[in-house]
Amino acid sequence: MKTFFVSVSLCLFISFSQGRTIILSPTSSTKTFHDAVNAAKDFDTILIRAGVYSCINETINKPLTIIGENLPALDGQLKDEVLVVMSDNVNINGIEIRNSKRGSMKDFSGLRVFKSRNVRIENCTLNNTYFGIYLSDSKSVLVKKCKSKGANYGKSDTGNGIHLWKCDSITIEDNHLEGHRDGIYLEFAKHCFMQNNLCEKNFRYGLHFMFSDNDTYENNTFTNNGTGVAVMYSKGVHMFNNKFENNWGDASYGLLLKDMTNGIIRGNTFENNTVGVTMEGGSNMRFEKNNFFKNGYAIKVMANCRLDTFVRNNFSGNTFDASTNGELQENLFENNYWDKYEGYDLNRDKVGDIPYRPVSLYSVLVEQMPYAVMLMRSFTIDLLNRAEKNIPSIVPETFVDDKPLMHLISRK
Amino acid sequence: MLKISKYVIYDILRSKVLIAYTLFLFAVSFALFSLETDGAKSMVSLLSIVLIIVPLISVVFTTTYFYNAYEFIELLVAQPLSRNTILLGEFFGVAISMTAAFLIGIGIPVLIYSPNATGGVLLLSGVVLTLSFISIAFFASVAMRDKAKGIGMSLLLWFYFAVIYDAIVLGILFSFSDYPLDKAVIALASLNPIDMARIMVLMKLDISALMGFTGAVYKHFFGSSFGLLYTIAVMLVWIILPLIVSVRIFKKKNL
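Protein chains in written order, with the numbering used here: chain D, 1 to 412; chain G, 1001 to 1255.
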């Protein structure tokens, strides 16, 4: 008898806390999404069956769970924003959001989350929206397994896939962002974590940080973007095991770092980029165990970078290993593998006995007079490079790896 | 003319030098491909062979052959044959055998290990370089009566195109680096067959680096189909022009 009471009261408690379920389908009594939201009380669930529902600037201002069955679509009909969340504890799962308005005065978005906490957005698809998911002044939001393809109006007329403004503790994982201005954009966003995202064919950057400190991104792939990732004016950003591939173009980089401090870049692969990494004004940055393969330039480190460390990276098949625009100060290059290294290892400790200078005479020449690209791989240039290698006079004296490794460092 | 070419080819085959050259190219390219796992890297090494060794051998072989066959040429001149026919016959004989040697020596390994566009362009540029340097060597040998002088002049011409010219270009680029040199650079490249061949292959090999700000000029010009046609046309001029000049000299030459 006692157990019966306990279970009954437990059932009552659960059903009370779960709230009711409102079903929205083309045949149900509730016909529009607007009515469904109005009818719902706090902590109710709205279950949307497959179909297309008009949803123009609909505000969710109470904790609701919105679940889509077979990907129903909320259509903004190009009139305004589609869905705006202005409440804590909202869950949105399995919905397609389409056709937001475009405009240059206001950042219209498919799904906006404003001043909210504990919001979960999962399995959503955004179609033809100006900005995809726009999070502002929010905390503890999860964006997972969402897809967004930018409206193809050209570079100047596309918003960002996932846009963060003044956010904290946001998790972004397993998303696919394509054809936006920036795939993911962070401004004043702290303690955010991004993993397993695929950002491709974005016009500007795959992932873009501005003034965003202490964030981490891991295991993401950035391919065929204008620039893979741009991290600017940020502190303590950790970048682990990402892939930066095929970012080709007149001003394309795998990773662009500008005025950065205390970042860690570990285990990433940079392949087939015009420039693998370019760093301007970086200090206390640590590059560890990265692979730089088949890039035009593997790294460009500007002379205003200080106290940076490059250890145990692989450099192979790059046209130029490194380039700079002056004398580097207080940067450390050690135990990297350079495929162009021609030294020897007499004591067999797998570390080359003579130092390696990754900046060749020719890359200095090209930096100073760009038209010298015409002479790439010329025999004369080879001769000059060799002469310079034996008696260095023009290449920066401090850009040197004193302990280059003899063999490629293998990664799993 | 074809008959003369046939005799020349028989003669060259008998001397075994060409067979040694073929085997050398074959061995080197096989070694390069099997030592290096990355195909693109072996292509780069192969490119330097095509740009340096192939023109050198072409020049030296052609000049020595021409002087060794001098008596045969004198004999032909005594026959009722136009001097045009004699020199062109000699040229085609040497050209066909050298091109065949190149295609067997480098073509077969490339087709086995790297049968792609880059390989094709490398072979094309190698063939065109062989032909233009044979043509240049003919010019040198016809212009000089003395054998030592002739070989010296061909070697000098090779050295000029392979090494000195690029140093001069570097000097020009350095002195005029404040000016827009887009067109000048294309003109400078056109004045050297080795540079043309190099750029043609680079368009396939180092695209990522060339895509940078300055590379855009090359990419837009040489990378386009018009650029490819232009390159081939200029290379053809580098084959035909020295040949025409040598035919003219040979016609008036007092043997």
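A portion of the hints provided could be inaccurate.
[Stated by the list, open to error] Calculated pairs, DSS-like style, for lysine-lysine (alpha carbon to alpha carbon, straight line, at most 30 Å):
(1) K289/D to K1219/G
(2) K1219/G to K258/D
(3) K1149/G to K294/D
(4) K340/D to K1219/G
(5) K294/D to K1006/G
(6) K1219/G to K243/D
(7) K1147/G to K201/D
(8) K350/D to K1204/G
(9) K1204/G to K243/D
(10) K340/D to K350/D
(11) K294/D to K1253/G
(12) K101/D to K79/D
(13) K145/D to K62/D
[Claimed, not checked] Away from chain G, derived, C-beta distances all over 12 Å, residues of chain D:
(14) S29
(15) N61
(16) M86
(17) G236
(18) K294
(19) S316
(20) T319
(21) D339
(22) Q368
(23) P370
(24) V373
(25) M374
(26) M376
(27) R377
(28) S378
(29) T380
[Unchecked claim] These stretches of chain G come out as covered by chain D in the derived footprint (C-beta under 8 Å, 3 or more residues):
(30) 1078-1090
(31) 1101-1113
(32) 1147-1158
Bear in mind the hints are in silico, worked out from the structure with no lab data behind them. For each residue, glycine too, the CB sits at the ideal point set by N, CA and C.
Hint numbers not upheld by this structure, sorted from lowest to highest: Violated: hints 1, 3, 5, 7, 8, 11, 18, 19, 20, 21, 22, 23, 24, 25, 26, 27, 28, 29, 30, 31 and 32.
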